[in-house]
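**Student:** From just these sequences and the hints, can you work out the full model?
Top line first, the protein sequences correspond to chains A and B.
Counted the way my numbering counts, the first sequence spans residues 1 to 117.
Counted the way my numbering counts, the second sequence spans residues 118 to 230.
Worth flagging that the hints you see were computed from the coordinates, not collected in a lab.
Be a bit skeptical, because a hint or two may be false.
As the list claims (entries may be wrong) - Going by beta-carbon spacing under 7 angstroms, a handful of chain B positions derived as facing chain A:
#1 SER150
#2 PRO156
#3 GLN158
#4 GLU165
#5 PHE167
#6 GLU169
#7 ASN173
#8 PHE177
#9 GLY179
#10 VAL214
#11 THR218
#12 LEU227
Unchecked claim - Covered stretches of chain A (chain B as the covering partner; in silico rule of three or more C-beta atoms under 8 angstroms from a C-beta of chain B):
#13 8 to 18
#14 70 to 76
The C-beta atom is built at its ideal place from N, Cα and C for all residues, glycine as well.
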Amino acid sequence: AQTVTQSQPEMSVQEAETVTLSCTYDTSESDYYLFWYKQPPSRQMILVIRQEAYKQQNATENRFSVNFQKAAKSFSLKISDSQLGDAAMYFCASVRDYGGSQGNLIFGKGTKLSVKP
Amino acid sequence: KAGVTQTPRYLIKTRGQQVTLSCSPISGHRSVSWYQQTPGQGLQFLFEYFSETQRNKGNFPGRFSGRQFSNSRSEMNVSTLELGDSALYLCASRRTVSTDTQYFGPGTRLTVL
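**Tutor:** Next comes the structure, spelled out in structure tokens:
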């Protein structure tokens, strides 16, 4: 079974600084996808970034980038130039690829990110 | 394009009652998944529907059920509510089951008294 672990329940960053959120996962599968979702307080869960496991190149989306270390089963999220609007719960998640058919999301427990002005 | 919508946004029920939650996926999306979010257990997968058929089911009791209609809208039902069923219920849609990325609705906050 797949598991996703986020070891940092809470993190804090100064506005305009950089922060890295950690995520490790455990899977015996070779084909899977990894995600970071953001859930602001009382607001909708939105996709931040997505990584295909078969791609070695780390995904980037504007100020958000990942450090994907497949052998170590590590998938950390780096937020550069942090903004007040980045304050939220961040969830790391994985989806197993069943040969073209995708499974359900397996989530970590989340990391609550605070941004200080 | 409109996002995933869920109704109602908030519900208060008492133990023993039943409840039905509704989810309308993004236009063109045929797969709908349901997740339960609680402070203690985090986000847990309930079930997924695709083309009106339950494709996958998480580890929840039979009191939790769902269905999907021909227009891809989905409902989930919880019968004989327990206090522990209080949670945020999230619906997510994706285009097909071969699509990896799911998009979430705002959720329905269920409180069981």
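**Student:** Next, verify each hint and record whether it holds.
**Tutor:** Verification of the supplied hints:
With a least beta-carbon distance of about 6 angstroms to chain A, the hint placing B:SER150 at the interface is held under the 7 angstroms criterion. Violation of the interface hint for B:PRO156 is found here, the shortest Cβ-Cβ separation to chain A being roughly 10 angstroms, above the 7 angstroms cut-off. With a cut of 7 angstroms, the hint placing B:GLN158 at the interface with chain A is violated, because the nearest CB-to-CB distance is about 9 angstroms. Here the hint on B:GLU165 is kept, as its CB sits about 6 angstroms from the closest CB of chain A, short of 7 angstroms.
Because the beta carbon of B:PHE167 sits about 10 angstroms from the nearest beta carbon in chain A, more than 7 angstroms, this interface hint is broken. Against a cut-off of 7 angstroms between C-beta atoms, the interface hint on B:GLU169 is violated, since the closest Cβ of chain A lies about 17 angstroms away. Here the hint on B:ASN173 is kept, as its CB sits about 6 angstroms from the closest CB of chain A, short of 7 angstroms. Residue-level restraint check for B:PHE177 is violated (minimum Cβ-Cβ distance to chain A is 12 angstroms; threshold 7 angstroms).
For B:GLY179, the shortest C-beta to C-beta distance to chain A is roughly 19 angstroms, which exceeds 7 angstroms, and the interface hint is violated. Taken as an interface hint, B:VAL214 checks out: its beta carbon lies about 5 angstroms from the nearest beta carbon of chain A, inside 7 angstroms. Hint on B:THR218 holds. Least Cβ distance to chain A is approximately 6 angstroms, under the 7 angstroms limit. Because the closest C-beta pair between B:LEU227 and chain A is about 15 angstroms apart, greater than 7 angstroms, the hint is violated.
Given a C-beta distance limit of less than 8 angstroms, the hint that chain B covers the region 8 to 18 of chain A is violated, as 0 residues qualify and 3 are needed. Three residues within the 8 angstroms Cβ limit are the bar, and the region 70 to 76 of chain A against chain B gives 0, so the coverage statement is violated.
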